[in-house]
Amino acid sequence: MAENKDGADKSEQPSPKRLAEARRKGQVPMTRELASLFVLLGGVGLLSLWAPHAFTHFFNHYQQWLAQAGTLQLSAQSTHILLLDIASQAFVPLIPFGFLVGAFAFLAIILQTGPLWIEEALKPKPSKLNPSNGLKRIFSWKGVVDLLKSLLKLASVSGIAYLVLSHNLLAILQLPLLQLTEAVGGV
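Residue numbers (this note's numbering): 579 to 765.
Calculated directly from the structure, the hints in this document are not laboratory data. Do not take every clue at face value.
Straight-line alpha carbon distances no greater than 16 Å define the calculated EDC-like cross-link-like pairs of lysine to aspartate or glutamate that follow [stated by the list, open to error]:
| id | residue 1 | residue 2 |
| --- | --- | --- |
| 1 | 727 | 611 |
| 2 | 714 | 724 |
| 3 | 731 | 611 |
| 4 | 720 | 611 |
| 5 | 603 | 724 |
| 6 | 603 | 697 |
If you anchor each label on the Cβ, the simulated ranges turn out as follows [stated by the list, open to error]:
| id | residue 1 | residue 2 | range |
| --- | --- | --- | --- |
| 7 | 693 | 644 | 35 to 45 Å |
| 8 | 701 | 669 | 30 to 40 Å |
| 9 | 709 | 673 | 29 to 39 Å |
| 10 | 702 | 624 | 33 to 43 Å |
| 11 | 652 | 711 | 52 to 62 Å |
| 12 | 645 | 715 | 49 to 59 Å |
| 13 | 707 | 757 | 51 to 61 Å |
For each residue, glycine too, the CB sits at the ideal point set by N, CA and C.
Work out the full structure, taking the sequences as your base and the hints as a guide.
In C-alpha coordinates, the structure reads:
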(Lines of atoms letter the chains of each structure in order from A; the text may use other names.)
(Lines give C-alpha, C1' and ligand atoms only; values in the text may rest on other atoms or scores of the structure.)
Protein backbone atom coordinates (compact mmCIF):
# COMPACT_ATOMS: atom_id res chain seq x y z
CA MET A 579 0.00 0.00 0.00
CA ALA A 580 1.07 3.53 -0.60
CA GLU A 581 1.84 5.80 2.31
CA ASN A 582 1.38 9.52 2.65
CA LYS A 583 3.94 11.97 4.10
CA ASP A 584 2.93 11.07 7.67
CA GLY A 585 3.67 7.39 7.04
CA ALA A 586 0.00 6.44 7.32
CA ASP A 587 -1.54 4.14 4.75
CA LYS A 588 -3.68 5.74 2.07
CA SER A 589 -7.25 4.53 2.34
CA GLU A 590 -8.52 5.76 -1.02
CA GLN A 591 -7.61 4.84 -4.57
CA PRO A 592 -6.22 7.65 -6.75
CA SER A 593 -8.78 9.58 -8.76
CA PRO A 594 -8.94 9.21 -12.54
CA LYS A 595 -7.63 12.78 -12.81
CA ARG A 596 -4.56 11.90 -10.72
CA LEU A 597 -3.98 8.75 -12.75
CA ALA A 598 -4.21 10.73 -16.01
CA GLU A 599 -1.82 13.37 -14.65
CA ALA A 600 0.66 10.71 -13.56
CA ARG A 601 0.44 9.05 -16.98
CA ARG A 602 1.01 12.42 -18.69
CA LYS A 603 4.21 12.78 -16.64
CA GLY A 604 5.29 9.26 -17.55
CA GLN A 605 4.78 7.85 -14.07
CA VAL A 606 3.36 4.49 -15.03
CA PRO A 607 4.04 1.10 -13.45
CA MET A 608 6.53 -0.86 -15.49
CA THR A 609 9.03 -3.64 -14.86
CA ARG A 610 12.38 -3.86 -16.63
CA GLU A 611 12.45 -7.62 -16.15
CA LEU A 612 9.74 -8.15 -18.76
CA ALA A 613 11.82 -6.31 -21.36
CA SER A 614 14.85 -8.40 -20.35
CA LEU A 615 12.79 -11.57 -20.71
CA PHE A 616 11.53 -10.55 -24.17
CA VAL A 617 15.08 -9.69 -25.28
CA LEU A 618 16.52 -12.94 -23.94
CA LEU A 619 13.83 -15.26 -25.30
CA GLY A 620 13.48 -13.35 -28.56
CA GLY A 621 17.25 -13.26 -29.03
CA VAL A 622 17.62 -16.99 -28.38
CA GLY A 623 14.72 -17.73 -30.73
CA LEU A 624 16.17 -15.53 -33.47
CA LEU A 625 19.61 -17.06 -33.02
CA SER A 626 18.24 -20.58 -33.27
CA LEU A 627 16.53 -19.68 -36.56
CA TRP A 628 19.14 -17.36 -38.02
CA ALA A 629 22.55 -18.55 -36.78
CA PRO A 630 22.87 -21.73 -38.90
CA HIS A 631 22.27 -19.82 -42.15
CA ALA A 632 24.48 -16.89 -41.13
CA PHE A 633 27.29 -19.18 -39.98
CA THR A 634 27.20 -21.16 -43.24
CA HIS A 635 27.25 -17.92 -45.25
CA PHE A 636 30.17 -16.53 -43.23
CA PHE A 637 32.05 -19.86 -43.38
CA ASN A 638 31.82 -19.88 -47.19
CA HIS A 639 33.31 -16.38 -47.34
CA TYR A 640 35.94 -17.34 -44.78
CA GLN A 641 37.03 -20.23 -47.01
CA GLN A 642 37.38 -17.81 -49.94
CA TRP A 643 39.51 -15.46 -47.84
CA LEU A 644 41.75 -18.33 -46.75
CA ALA A 645 42.07 -19.58 -50.33
CA GLN A 646 43.34 -16.12 -51.33
CA ALA A 647 45.76 -15.92 -48.41
CA GLY A 648 48.83 -17.04 -50.35
CA THR A 649 48.02 -15.28 -53.61
CA LEU A 650 46.67 -11.93 -52.48
CA GLN A 651 49.05 -9.04 -53.08
CA LEU A 652 48.76 -6.84 -50.01
CA SER A 653 48.70 -3.13 -50.50
CA ALA A 654 46.92 -0.37 -48.67
CA GLN A 655 44.03 -0.52 -51.11
CA SER A 656 43.69 -4.33 -51.21
CA THR A 657 43.89 -4.54 -47.40
CA HIS A 658 41.22 -1.86 -47.13
CA ILE A 659 38.97 -3.75 -49.55
CA LEU A 660 39.57 -7.04 -47.72
CA LEU A 661 38.76 -5.52 -44.33
CA LEU A 662 35.59 -3.92 -45.70
CA ASP A 663 34.57 -7.28 -47.17
CA ILE A 664 35.22 -9.07 -43.87
CA ALA A 665 33.31 -6.42 -41.92
CA SER A 666 30.37 -6.49 -44.32
CA GLN A 667 30.17 -10.29 -44.21
CA ALA A 668 30.65 -10.54 -40.44
CA PHE A 669 28.84 -7.53 -39.00
CA VAL A 670 26.25 -6.31 -41.49
CA PRO A 671 24.12 -9.47 -41.04
CA LEU A 672 23.99 -8.61 -37.31
CA ILE A 673 22.18 -5.32 -37.95
CA PRO A 674 18.71 -6.83 -38.58
CA PHE A 675 19.24 -9.12 -35.58
CA GLY A 676 19.97 -6.06 -33.40
CA PHE A 677 16.90 -4.23 -34.70
CA LEU A 678 14.68 -7.26 -34.05
CA VAL A 679 16.00 -7.69 -30.50
CA GLY A 680 15.41 -3.96 -29.94
CA ALA A 681 11.88 -4.40 -31.28
CA PHE A 682 11.30 -7.14 -28.70
CA ALA A 683 12.33 -4.74 -25.91
CA PHE A 684 10.11 -2.01 -27.37
CA LEU A 685 7.20 -4.46 -27.60
CA ALA A 686 7.60 -5.40 -23.93
CA ILE A 687 7.42 -1.73 -22.93
CA ILE A 688 4.40 -1.04 -25.16
CA LEU A 689 2.59 -4.08 -23.74
CA GLN A 690 3.07 -2.72 -20.23
CA THR A 691 2.34 0.98 -20.73
CA GLY A 692 0.43 1.23 -23.98
CA PRO A 693 1.36 3.93 -26.48
CA LEU A 694 2.85 6.75 -24.45
CA TRP A 695 4.81 9.79 -25.63
CA ILE A 696 6.19 12.04 -22.91
CA GLU A 697 7.92 15.22 -24.05
CA GLU A 698 8.63 16.23 -20.46
CA ALA A 699 10.76 13.12 -19.95
CA LEU A 700 12.89 14.04 -22.98
CA LYS A 701 13.80 17.49 -21.65
CA PRO A 702 17.29 17.65 -20.10
CA LYS A 703 17.28 18.13 -16.34
CA PRO A 704 20.44 19.66 -14.80
CA SER A 705 19.56 18.13 -11.43
CA LYS A 706 20.06 14.67 -12.96
CA LEU A 707 23.70 15.54 -13.75
CA ASN A 708 24.73 15.81 -10.10
CA PRO A 709 27.31 13.01 -9.51
CA SER A 710 26.54 12.71 -5.80
CA ASN A 711 22.89 11.93 -6.55
CA GLY A 712 24.01 9.30 -9.06
CA LEU A 713 26.33 7.68 -6.51
CA LYS A 714 23.57 7.70 -3.90
CA ARG A 715 21.27 5.97 -6.36
CA ILE A 716 23.88 3.36 -7.30
CA PHE A 717 24.77 2.52 -3.70
CA SER A 718 21.20 2.60 -2.36
CA TRP A 719 19.26 -0.50 -1.32
CA LYS A 720 17.47 -0.40 -4.65
CA GLY A 721 20.86 -0.46 -6.38
CA VAL A 722 21.92 -3.46 -4.30
CA VAL A 723 18.66 -5.28 -5.10
CA ASP A 724 19.11 -4.50 -8.82
CA LEU A 725 22.67 -5.84 -8.63
CA LEU A 726 21.47 -9.05 -6.98
CA LYS A 727 18.74 -9.47 -9.60
CA SER A 728 21.29 -8.98 -12.39
CA LEU A 729 23.63 -11.52 -10.80
CA LEU A 730 20.74 -13.98 -10.51
CA LYS A 731 19.93 -13.50 -14.20
CA LEU A 732 23.59 -14.00 -15.11
CA ALA A 733 23.74 -17.16 -13.00
CA SER A 734 20.57 -18.48 -14.64
CA VAL A 735 21.82 -17.88 -18.18
CA SER A 736 25.25 -19.30 -17.29
CA GLY A 737 23.66 -22.37 -15.73
CA ILE A 738 21.50 -22.99 -18.78
CA ALA A 739 24.50 -22.51 -21.09
CA TYR A 740 26.52 -24.96 -18.98
CA LEU A 741 23.72 -27.55 -19.07
CA VAL A 742 23.45 -27.22 -22.84
CA LEU A 743 27.20 -27.29 -23.52
CA SER A 744 28.46 -29.60 -20.76
CA HIS A 745 27.90 -32.84 -22.67
CA ASN A 746 30.25 -31.52 -25.41
CA LEU A 747 32.74 -29.82 -23.10
CA LEU A 748 35.72 -32.01 -24.03
CA ALA A 749 35.06 -31.53 -27.76
CA ILE A 750 34.72 -27.77 -27.28
CA LEU A 751 38.02 -27.59 -25.41
CA GLN A 752 39.77 -29.45 -28.25
CA LEU A 753 38.46 -27.11 -30.99
CA PRO A 754 41.55 -24.84 -31.01
CA LEU A 755 43.74 -27.87 -31.79
CA LEU A 756 41.74 -28.91 -34.87
CA GLN A 757 41.86 -27.70 -38.44
CA LEU A 758 39.06 -25.32 -39.37
CA THR A 759 37.14 -27.84 -41.48
CA GLU A 760 37.40 -30.49 -38.74
CA ALA A 761 36.29 -28.03 -36.07
CA VAL A 762 33.27 -26.82 -38.04
CA GLY A 763 32.36 -30.34 -39.14
CA GLY A 764 32.57 -31.62 -35.56
CA VAL A 765 30.26 -28.97 -34.16
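To see whether the hints hold, each was checked on the structure:
no., hint, in the structure
1, 727 - 611, "holds, 9 Å"
2, 714 - 724, "holds, 14 Å"
3, 731 - 611, "holds, 10 Å"
4, 720 - 611, "holds, 14 Å"
5, 603 - 724, "violated, 24 Å"
6, 603 - 697, "holds, 9 Å"
7, 693 - 644: 35 to 45 Å, "violated, 50 Å"
8, 701 - 669: 30 to 40 Å, "holds, 35 Å"
9, 709 - 673: 29 to 39 Å, "holds, 35 Å"
10, 702 - 624: 33 to 43 Å, "holds, 35 Å"
11, 652 - 711: 52 to 62 Å, "holds, 53 Å"
12, 645 - 715: 49 to 59 Å, "holds, 55 Å"
13, 707 - 757: 51 to 61 Å, "holds, 55 Å"
The structure does not agree with the numbered hints 5, 7 stated previously, though it agrees with the rest.
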